[in-house]
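Undergrad: Spelled out from the first residue to the last, the chains are:
There are 4 protein chains.
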Amino acid sequence: MSRLGIWFIGARGSLATTATVGLGALAARLVDTTGCVTEHPDLDATGLAAYDAIVVGGHDVADTPLVKRAEQLVAGDVVPAALLAPLAEELERVERRLRPGLAPNADGPVDQRADAERLVRDLREFAADVDRVVVVDVSSTEPPHDAGADAESVAALEAAWDAGRAPLAPSSVYAYAALAAGCGYVGFTPSPGVDVPALRELAEREGLPYAGCDGKTGETLVKSALAPMFHTRALAVRSWTSINLLGGGDGATLADPAAASSKTRAKRSGLDAMLGHPVEGPMHIDYVEDLGDWKTAWDQIRFDGFLGTRMTLQFTWQGCDSTLAAPLVLDLARLVGRALEVGESGALTELAFFFKSPLDTEEHRLAQQWQALTAWSARCADRVRP
Amino acid sequence: MSRLGIWFIGARGSLATTATVGLGALAARLVDTTGCVTEHPDLDATGLAAYDAIVVGGHDVADTPLVKRAEQLVAGDVVPAALLAPLAEELERVERRLRPGLAPNADGPVDQRADAERLVRDLREFAADVDRVVVVDVSSTEPPHDAGADAESVAALEAAWDAGRAPLAPSSVYAYAALAAGCGYVGFTPSPGVDVPALRELAEREGLPYAGCDGKTGETLVKSALAPMFHTRALAVRSWTSINLLGGGDGATLADPAAASSKTRAKRSGLDAMLGHPVEGPMHIDYVEDLGDWKTAWDQIRFDGFLGTRMTLQFTWQGCDSTLAAPLVLDLARLVGRALEVGESGALTELAFFFKSPLDTEEHRLAQQWQALTAWSARCADRVRP
Amino acid sequence: MSRLGIWFIGARGSLATTATVGLGALAARLVDTTGCVTEHPDLDATGLAAYDAIVVGGHDVADTPLVKRAEQLVAGDVVPAALLAPLAEELERVERRLRPGLAPNADGPVDQRADAERLVRDLREFAADVDRVVVVDVSSTEPPHDAGADAESVAALEAAWDAGRAPLAPSSVYAYAALAAGCGYVGFTPSPGVDVPALRELAEREGLPYAGCDGKTGETLVKSALAPMFHTRALAVRSWTSINLLGGGDGATLADPAAASSKTRAKRSGLDAMLGHPVEGPMHIDYVEDLGDWKTAWDQIRFDGFLGTRMTLQFTWQGCDSTLAAPLVLDLARLVGRALEVGESGALTELAFFFKSPLDTEEHRLAQQWQALTAWSARCADRVRP
Amino acid sequence: MSRLGIWFIGARGSLATTATVGLGALAARLVDTTGCVTEHPDLDATGLAAYDAIVVGGHDVADTPLVKRAEQLVAGDVVPAALLAPLAEELERVERRLRPGLAPNADGPVDQRADAERLVRDLREFAADVDRVVVVDVSSTEPPHDAGADAESVAALEAAWDAGRAPLAPSSVYAYAALAAGCGYVGFTPSPGVDVPALRELAEREGLPYAGCDGKTGETLVKSALAPMFHTRALAVRSWTSINLLGGGDGATLADPAAASSKTRAKRSGLDAMLGHPVEGPMHIDYVEDLGDWKTAWDQIRFDGFLGTRMTLQFTWQGCDSTLAAPLVLDLARLVGRALEVGESGALTELAFFFKSPLDTEEHRLAQQWQALTAWSARCADRVRP
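Protein chains in written order, with this note's numbering: chain H, 1 to 386; chain V, 1 to 386; chain D, 1 to 386; chain P, 1 to 386.
The reader is advised that the hints may include incorrect statements.
For chains that are exact copies, the list does not tell them apart, and a pair is met inside one copy or across any two.
Straight line, CA to CA, 25 Å or less: simulated SDA-like cross-link-like pairs of lysine to any residue [what the hints assert, rightly or not]:
| no. | residue 1 | residue 2 |
| --- | --- | --- |
| 1 | 68 | 310 |
| 2 | 68 | 252 |
| 3 | 68 | 81 |
| 4 | 68 | 84 |
| 5 | 68 | 27 |
| 6 | 68 | 102 |
| 7 | 68 | 92 |
| 8 | 68 | 80 |
| 9 | 68 | 85 |
| 10 | 68 | 82 |
| 11 | 68 | 30 |
| 12 | 68 | 90 |
Worth flagging that the hints you see were computed from the coordinates, not collected in a lab.
Based on the provided sequences and hints, a complete structural model is requested.
TA: Next comes the structure, spelled out in structure tokens:
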């Protein structure tokens with residue numbers, strides 16, 4: 001049976017740690033598959049890697065041991081305490097496969113080519129033990145970044161590097177390394193990652209698949225179910241207010257307005273598309289330390305009905321971001337692993353179901369995304385790699 | 001241009017009055033088409049009756065003049081005051097076409113055949129001035145009613161009538177009359193209406209189309225958008241609590257537990273189907289006089305995610321039932337009118353989009369219902385009556 | 001230092017178990033005093049029993065060991081897991097002091113005098129080791145019960161018992177025993193308990209204090225803070241809808257409409273008093289098994305302002321009934337213990353702060369209740385038993 | 001009978017217009033006194049001006065006729081349409097008493113003394129027809145403003161004006177004029193107004209009463225009822241998130257972060273005081289044009305109970321700011337008018353009930369403020385001007 005490697009960028013973060021613990025628990029049949037989309041009966045799982053045939057490794061700039069991170073998640077009510085003891089050994093095994101990430105504020109000039117080469121070596125070493133590798137970026141959200149003309153093509157990027165420039169955002173250096181090492185790639189954050197022309201060209205040239213960006217886990221998920229309801233019922237949405245409160249590492253990152261703007265841009269993008277017109281309304285992401293990994297979202301949708309009647313829908317979402325996202329990350333790795341196996345390349349638009357800002361498609365409606373995903377899974381099931 | 005007649009059962013109720021006022025306002029271009037599904041660009045409106053080619057009549061047991069009912073709706077914040085003056089004449093015209101309904105508590109034995117024949121005469125008189133008629137039941141919800149063996153076939157029904165029995169619920173007598181008069185039929189309430197074997201057989205024999213039942217206007221609409229979200233994301237819904245508060249005529253009717261049970265049964269039916277398993281949770285419809293025609297619904301959905309994480313979604317819906325339902329009633333009349341024209345007969349399952357308990361289909365998911373509706377509209381557009 | 005005994009009716013229930021665990025944790029300084037009103041700086045705690053000078057015993061009809069009940073509460077997210085090990089011995093000690101309660105469905109005729117005498121023996125045995133005892137009823141809510149003329153006086157009660165009748169509700173048999181044994185009494189449920197004339201007379205005669213009834217822990221607490229706001233601002237509350245969802249033992253009891261009616265009557269009683277007029281609106285208590293000991297309450301308050309403007313306040317309360325109530329139970333035992341010590345007798349109206357239906361007072365407003373409580377605590381602090 | 005003049009700063013704004021219409025409606029007995037605190041039976045209204053003995057005038061920089069503003073408020077669902085016709089003449093009378101306010105961006109140097117003198121002349125002219133005047137600032141919120149050493153005393157202010165400086169915020173120029181003209185003063189906005197040392201000294205010297213600042217009408221009102229509940233129950237509030245959405249003129253002003261910061265500072269100030277410690281949590285005021293004069297506030301309060309249990313209270317407030325505030329403005333004018341009559345001077349701390357940031361008192365708890373207010377009303381009732 002073929003073995004799949006998942007390589008996390010941000011392997012010691014809440015999400016990656018939860019996914020790693022969860023994968024171990026699934027492999028050991030300690031938990032059921034609630035939340036795992038690839039276990040849905042309407043999705044054809046033929047050829048997807050079994051949980052006990054998936055191996056985890058990754059990069060991180062932090063060095064808190066994974067076991068300790070898991071304990072913190074238990075304290076924060078994210079991971080059940082009962083999983084720690086049976087999975088301790090597995091976490092130790094993953095620990096040994098983790099490698100240092102790119103130092104955020106390096107002294108002196110940054111040599112992105114050298115950085116990328118080091119990352120590629122890490123990936124190749126990891127890949128030696130498995131049949132294929134999917135790199136999944138779950139690290140902290142970066143501020144918006146314009147890589148400019150230097151990233152317009154592979155050639156331009158090489159030239160920039162030759163000239164000692166460092167045009168890429170860190171997430172894109174990781175994405176470059178993933179492609180250079182022959183891996184599939186998933187951008188689960190709103191960071192640029194693979195979404196610059198040079199890297200897109202590289203993926204095309206290497207025949208590698210990728211998916212992104214920004215996991216659709218909570219409030220935006222609800223939006224993608226509700227907005228089509230208003231649209232097909234010809235109800236006129238006048239304002240849509242979105243409040244997101246969260247603590248934890250993600251909340252702290254997003255307390256930085258620059259990083260938050262990446263996120264709110266991603267959250268906003270789909271709404272106007274689904275409603276067919278721009279809609280006013282504030283969108284906040286606020287850091288409330290007390291909430292930890294638990295997110296509360298409150299949305300108020302003001303809409304007009306027939307004869308101008310003013311009506312309102314409000315919803316409150318109380319969810320745990322890490323456990324919402326963790327199974328999706330495993331799903332994506334399995335699906336992109338399958339895409340690698342059957343030779344799909346480029347942006348996998350059929351995986352839009354998982355993302356706030358799906359690459360290369362304007363389809364944000366959840367039901368339509370689901371149909372595209374299940375149809376794609378059936379097509380992949382029929383194929384074998386030449 | 002062909003003319004369509006809409007015949008309301010319950011023509012003086014909040015909903016029919018709002019629909020009548022709204023139709024007049026649309027015909028006179030005093031309001032826009034917000035809330036009118038048949039105006040959606042994805043739906044092929046070829047052949048649908050123009051608003052100024054639609055004529056309204058109806059039955060009602062009440063005798064409050066329509067103009068006075070409209071004034072009450074203005075007072076209750078349902079209909080804009082500015083519409084009354086320009087539509088006064090039109091309301092007077094409709095007033096003259098209204099006929100007495102079936103007296104609810106007749107003294108002595110009920111002669112349903114005679115009742116039906118009287119209703120048929122009313123309908124034939126109305127039909128003389130238009131090309132086709134759709135009867136729409138928007139009267140008060142009846143308690144559950146078992147018509148039994150007497151309604152198993154047209155023959156059994158005739159025999160029961162011959163024997164002096166009165167097996168049908170009043171809503172079904174109206175439905176019988178509609179079919180006997182060659183009309184299309186829409187059951188917009190949870191009352192039995194056309195949904196008894198004898199009447200289904202009659203519709204089949206006469207080649208007449210019908211649709212139902214129970215308009216999906218508010219909380220159940222939201223459910224049909226949200227439940228598939230949980231299902232496709234493999235999230236495990238553990239309980240779904242539904243609270244409905246409303247005043248007005250509908251609220252007063254539903255304060256009667258027997259009538260309410262028809263409604264909650266309808267509201268419940270789809271949820272379990274969409275989630276794939278039964279879900280616990282109370283469902284209340286409460287009469288709060290103070291709310292008038294305005295409904296507040298509050299739902300709490302408790303669901304488990306990955307690793308057994310307990311999460312919650314709550315929503316609050318504040319809508320005006322009459323203005324939510326009125327455009328749908330007009331939509332349904334136009335669509336069933338079109339079905340009559342192109343020769344469709346039997347239960348129109350493609351109109352499930354509009355109903356809490358769609359006849360002859362288990363499809364409750366809003367997005368799939370929308371696709372079925374738009375596809376059907378395209379098919380109808382291509383056809384001409386032989 | 002004087003020792004206080006708390007005797008729980010329903011000693012193995014969620015609330016008593018949480019209170020017992022909590023008391024142990026307070027005595028061992030394993031937790032802080034959050035939620036403990038008697039620790040508030042504005043309340044004079046002079047003379048209140050120290051936590052490590054309080055001893056717990058009680059009656060219960062169930063026989064699940066206390067340690068096992070505590071484990072269940074850990075599983076239900078009510079009690080922190082970390083408390084179990086350090087308190088195991090203490091729970092064993094309490095276990096040995098628990099005695100069987102009154103069997104609910106005794107075969108043959110009930111001899112309430114014999115029942116009461118047995119309970120009195122249990123109480124006297126317990127009282128031997130402490131300076132004074134407060135009996136606290138935290139058992140399941142009983143349906144409304146009319147003890148009738150047989151309970152109009154002690155003499156009538158004795159005569160009824162002589163005649164072989166059993167006029168008292170079980171909660172009142174416990175209350176009788178408490179008074180007969182010279183204990184203070186707290187009715188923390190809406191059951192009749194001490195609130196029948198014969199028992200009130202007995203308490204008066206014995207010079208014993210009591211307090212009740214029905215602990216004000218969640219939604220009603222919020223009401224008693226909000227209703228005065230509307231009243232003093234001259235805003236006209238038109239309807240107040242109250243939805244209570246809970247699982248757990250209490251929820252199961254209240255799924256019985258008879259028991260629930262005791263509760264909703266208690267919840268309703270204060271609202272009209274605070275607003276100065278009756279207010280419409282449904283009040284539901286629904287059993288949702290999935291929620292366990294966690295309660296969700298949703299209230300919608302519709303009010304009119306100046307010029308008839310229609311406005312709305314809604315609130316959602318998500319709390320754990322057992323941990324909300326447990327510290328109040330300890331507070332009440334300490335306060336009634338102090339009342340015993342300083343010779344207060346009869347209904348302690350100054351403890352209204354703790355109750356949904358405070359005995360012998362119509363004061364439901366939280367702030368005024370707080371002022372009465374703190375003033376009383378100061379008065380008690382100044383006194384020594386003659 | 002003595003006549004009271006109300007002079008509005010911002011006389012053409014939503015609030016002043018609503019108050020003016022409302023006063024007319026009260027005087028003509030077209031509406032009841034819902035929302036009028038001074039009509040509460042617990043408040044002693046002896047000596048308060050009758051509604052038909054109150055005359056309105058005011059300053060405004062805008063020149064939209066009052067009748068037109070009233071029509072806009074009818075369109076925005078703030079004022080009932082039925083009031084316009086009967087009050088048209090009264091609005092015309094008020095219109096004739098309105099005078100131009102201080103131009104916001106005057107060309108050339110600002111001469112605040114000359115400005116103030118002009119305002120004083122307007123006030124004196126108005127005062128000629130009534131017995132006493134209360135100036136009420138209901139104009140747009142100003143950004144925080146530090147008047148500095150120039151406003152430390154009357155002498156310093158005079159010196160600064162002599163030197164050609166203009167140290168005061170516009171709201172303080174109005175307040176200066178009010179005092180110089182012998183009027184009482186109410187600061188209903190968070191603007192500085194009378195709250196600078198020089199003006200306080202002036203009021204003291206002139207023996208004039210004033211009250212402020214920032215009307216407590218909605219979300220903060222609810223806070224002042226709820227925060228004491230948490231405090232007296234010894235529940236530990238960990239975070240309190242406050243979201244305020246509103247359109248209309250006030251919303252547009254507060255869309256400016258500088259102005260909003262005045263407001264959020266006022267809203268925040270009381271919470272920490274009531275809870276006894278600082279509490280984290282974002283506080284937003286967002287402009288949502290679609291909402292018009294209607295405000296939606298959503299608050300989430302996260303609190304810990306006994307044994308560290310994490311619990312939550314959320315509330316949603318949907319109110320109309322103008323009709324909430326209008327009766328309070330009339331109340332304040334009547335009360336400060338009475339204070340003038342009986343010779344009270346300085347900051348009226350007993351009116352804290354009405355304000356987010358009551359001057360010269362740290363009492364933010366609604367119930368305690370109410371007790372102070374009613375006690376003061378009784379004291380004033382007993383007095384006659386020497």
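Undergrad: The structure should be examined with respect to each hint, and the outcome stated for every one.
TA: Outcome of the hint check:
1. Only between protomers do residue 68 and residue 310 lie at most 25 Å apart by alpha-carbon distance; the minimum there is 23 Å, versus 52 Å within a single protomer.
2. For the homomeric pair residue 68 and residue 252, the shortest alpha-carbon distance inside one copy (20 Å) is at most 25 Å, but the shortest distance between copies (40 Å) is not.
3. Taking CA atoms no more than 25 Å apart as the test, residue 68 paired with residue 81 passes in both settings, with 12 Å inside one copy and 19 Å between copies.
4. Taking the closest pair of Cα atoms, residue 68 and residue 84 come within 25 Å of each other both inside a single copy (10 Å) and across two copies (23 Å).
5. In the homo-oligomer, the alpha carbons of residue 68 and residue 27 lie at most 25 Å apart inside one protomer (21 Å), although the nearest pairing across protomers, at 31 Å, exceeds that limit.
6. In this assembly of identical chains, residue 68 and residue 102 lie within 25 Å of each other by CA distance solely inside one copy; the values are 22 Å within and 51 Å between copies.
7. Taking identical chains as interchangeable, the C-alpha atoms of residue 68 and residue 92 lie at most 25 Å apart only when both belong to the same chain, with a minimum of 11 Å there against 34 Å between chains.
8. In the homo-oligomer, the alpha carbons of residue 68 and residue 80 lie at most 25 Å apart both inside one protomer (14 Å) and across protomers (20 Å), since each shortest distance falls under that limit.
9. In this assembly of identical chains, residue 68 and residue 85 lie within 25 Å of each other by CA distance both inside one copy and across copies; the values are 12 Å within and 23 Å between.
10. For the homomeric pair residue 68 and residue 82, the shortest alpha-carbon distances inside one copy (15 Å) and between copies (18 Å) are both at most 25 Å.
11. Proximity of residue 68 to residue 30 under the C-alpha cut-off of 25 Å is found in both arrangements, the shortest distances being 20 Å within a copy and 24 Å between copies.
12. Taking identical chains as interchangeable, the C-alpha atoms of residue 68 and residue 90 lie at most 25 Å apart only when both belong to the same chain, with a minimum of 13 Å there against 32 Å between chains.
Hint compliance for this structure: no hint is broken.
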